[in-house]
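Please model the entire structure based on the sequences and the hints provided.
Now for the letters of each chain:
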Amino acid sequence: MLTVDGLKKHFPIHGGLFNRRIGSVRAVDDVSFVVLKGETLGIVGESGCGKSTLARLLMHLIPKDAGELVFDGEGVDETRGLTLRELRRNMQMVFQDSYSSLNPRLPVEDSIAYGPKVHGMSRGDAKQVARELLEKVGLQPELFGSRYPHELSGGQKQRVNVARALALSPRMLILDEAVSALDKSIEAQVLNQLRYLKRHFNLTYVFISHDLNVVQYISDRVLVMYLGQVVEIGPVEDIYARARHPYTRALFSSRLSMDPDDRVDEAPLTGDPPNPIDPPSGCRFRTRCPFAEEVCAAKMPAMGTWVDRSSHLTACHMEDAASGHSRAVRTSHTAMSGQASAVSANP
Amino acid sequence: MALQFSVTNAELKPHAAVARRPLVEVKDLKVKFVSREATVQAVNGVSFEMAPGEVLCIIGESGSGKSVTMRALMRLLPRRRAVLSGAMRVGDYNIRALSERQLTQVRGSTISMVFQEPMTALDPVYTIGAQIAETVIRHESCSYKAGMARALELLQVVKVPSPERRLKAYPHELSGGLRQRAMIALALSCRPSLLLADEPTTALDATVQIQVLILLRKLQKELGMGVIFVTHDLGVAAQIADKVAVMYAGRIVEYGNVRDVLIRPSHPYTMAMLASTIHAGQSRDKEIEAIPGSPPDMRRLPPGCSFAPRCRYADRGCTSAVPPPTVVAPSHLACCFNTGRPGQAAPQEESA
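Each protein sequence line maps, in turn, to chains A and B. Heads up: the first sequence at position 266 corresponds to 266 in the working numbering, and the numbers run straight through without jumps. If you want the working numbering, it's the 1-based position in the second sequence plus 347.
What the hints contain is simulated information worked out from the structure, not anything from laboratory work. There could be a bad hint or two in this list.
To be verified - Below, a sample of chain B positions facing chain A; criterion: calculated Cβ distance under 7 Å:
1. T549
2. A553
3. V555
4. V605
5. L609
6. E634
7. A637
Just so you know, even glycine gets a beta-carbon here, dropped at the ideal spot from N, CA and C.
What follows is the structure, given as structure tokens:
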């Protein structure tokens, strides 16, 4: 449904004499992936890895530096391609902060009706759409429609945001940490609602979150980011059961068990993620990776080619028998028996 | 300064300390915030005791009064707006009777606190070293040099890499994880007997959060201090707590050993909260058992049990009075009318 190819966004840093450009934050650096029709693609990663920048790039809220976006077979913002207006009719976003993303001076009903009106719907019809959507997200229109955002709780506001995103009947929703700011009991309500809406309206979700348990519950496929790059992508069961990239494995084992007898005594990783202004050469994870070798600093590991929805790809030298990493062959035997045999058949 | 200490002790607590007396005793603590528009009843009768060297986790959703309870223990609430009642004792100090002067003595040396946001809690215009040294000098009246030496030692204790360099760093020059470690070093600088940790790992990334949790657990064991740890994350509580107190609408609704509360919960709210939290590998075919409704408006609390409007086991009796703590097992309390009764409503449902 959506194909992203070589997407890049570098934020310049100005400073010094004459405010020259002295560097750049490589927020999203050469990211490629595909979102399939009707699926939920989960995007996980730590803060500063570029998840939210990626979401904003997909929505064209900020201009991209390089790369290509193809939505449903049509390039965006090209001559003869989709216009931004058409893209935004098909693709909508829900932000993390439910309060600041609503206009405080509009009753929520008018907030929801605003989009359809801009896109040429009559006032009465837009209001009707807004009321129906409020009903769909579990808020009684008579009770909540005329309220202002400050009169609603966090969970209710986030439901309004979802309703507003659905007002133009889009085909795809980008949910950027949409449930992260909510309390657990409310988060569960909103997640159930999102799953219901997806079935009901036949939606495609890009679900960005740092909560690995939630992503596992809601996603069909998962994409793992580290410092602006994709390190691993694959079906949810595969990734959670057999993560191949050392970063993904460390990230997953940092999940806290709810069993007090199952306490962790040693952290899987030390240190913090490095600064994206000046990322490490080669593999960006090598500074924290327990298996890093010379080859990891010398060249950037390549991601395989994507075939279909069951493809499980990793950008790690240990997965590539030809990379020269000492653990390369052994790991590929244990972790990816299918591809390993193909690789060993090659030479 | 030693003299001053002994005088205050005599004033506040005339009788000698009994061995293994609880480190913290809170009795019927109530906090109201009064403004022109409304009165918010943030804490509504919280009582608990805590032994020295114990880790108590207070779990609750936002607005349940957990942070306000912590701030009350540190006397950090605004004096004009917050109306307190009830009794609080930490060590030899009656917290509510302390003068401003005594408070500055107690804060940092007996009780200290780690906040959620190290960036706003640390002073941006002083180096990390200077901030730690200031606290040490203030409480131990030593020289600046000795203070800095102690600061360096503390940064080593909290495992900050290249501590000599970090001593001269300003808070904005550190990453989130290092900043939180510096904050912990600052809190531990005068060997407090009670550390209040208000969501110290919530703002951190998963891979960093676990490092800080392990560090806190290790330091707590080594220094033998009591820790009250506020969190909304059940996973964090499972990692660090000895005892758990679950708060809802300004009251403790369940209290007990971490195993008892998280594995055999007795209060319907605790059960519902556990069920609505997505755990690793949860079945994707089923809906999550969400708690219906939303937490009560703290300006207008419902009568009786505050959880009754959302509780699936609630009956008419629940709204008539606030349920008192009932013993469900040794050192395991729950405030629910139904758990105390023979033929308990809740566990029956669970087994069915």
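**OP:** Using Cβ atoms only, decide whether B:A553 comes closer than 7 Å to chain A, and label the hint accordingly.
**Re:** Holds, because the Cβ-Cβ distance from B:A553 to chain A comes to roughly 4 Å (cut-off 7 Å).
**OP:** Would you check whether B:L609 satisfies its interface hint, that is, whether its CB is within less than 7 Å of any CB in chain A?
**Re:** B:L609 check passes; min Cβ-Cβ to chain A is 6 Å, inside 7 Å.
Original post:
Are B:A637 and chain A close enough, Cβ to Cβ, to be under 7 Å, as the hint says?
Top reply: holds, 4 Å
Original post:
Taking 7 Å as the limit, does the beta-carbon of B:E634 come near enough to a beta-carbon in chain A?
Top reply: holds, 5 Å
Subject >> Given hint B:V555 near chain A, where the shortest CB pair must fall under 7 Å >> reply: Check passed: Cβ of B:V555 comes within 6 Å of chain A, closer than 7 Å.
Original post:
Per the CB criterion, is B:T549 less than 7 Å away from chain A?
Top reply: violated, 11 Å
Subject >> Evaluation of the interface hint that places B:V605 against chain A, nearest CB under 7 Å >> reply: This hint holds: B:V605 lies near chain A, its Cβ roughly 4 Å from the closest one there, short of 7 Å.
Taken one by one, the earlier hints fail for this structure only at number 1.
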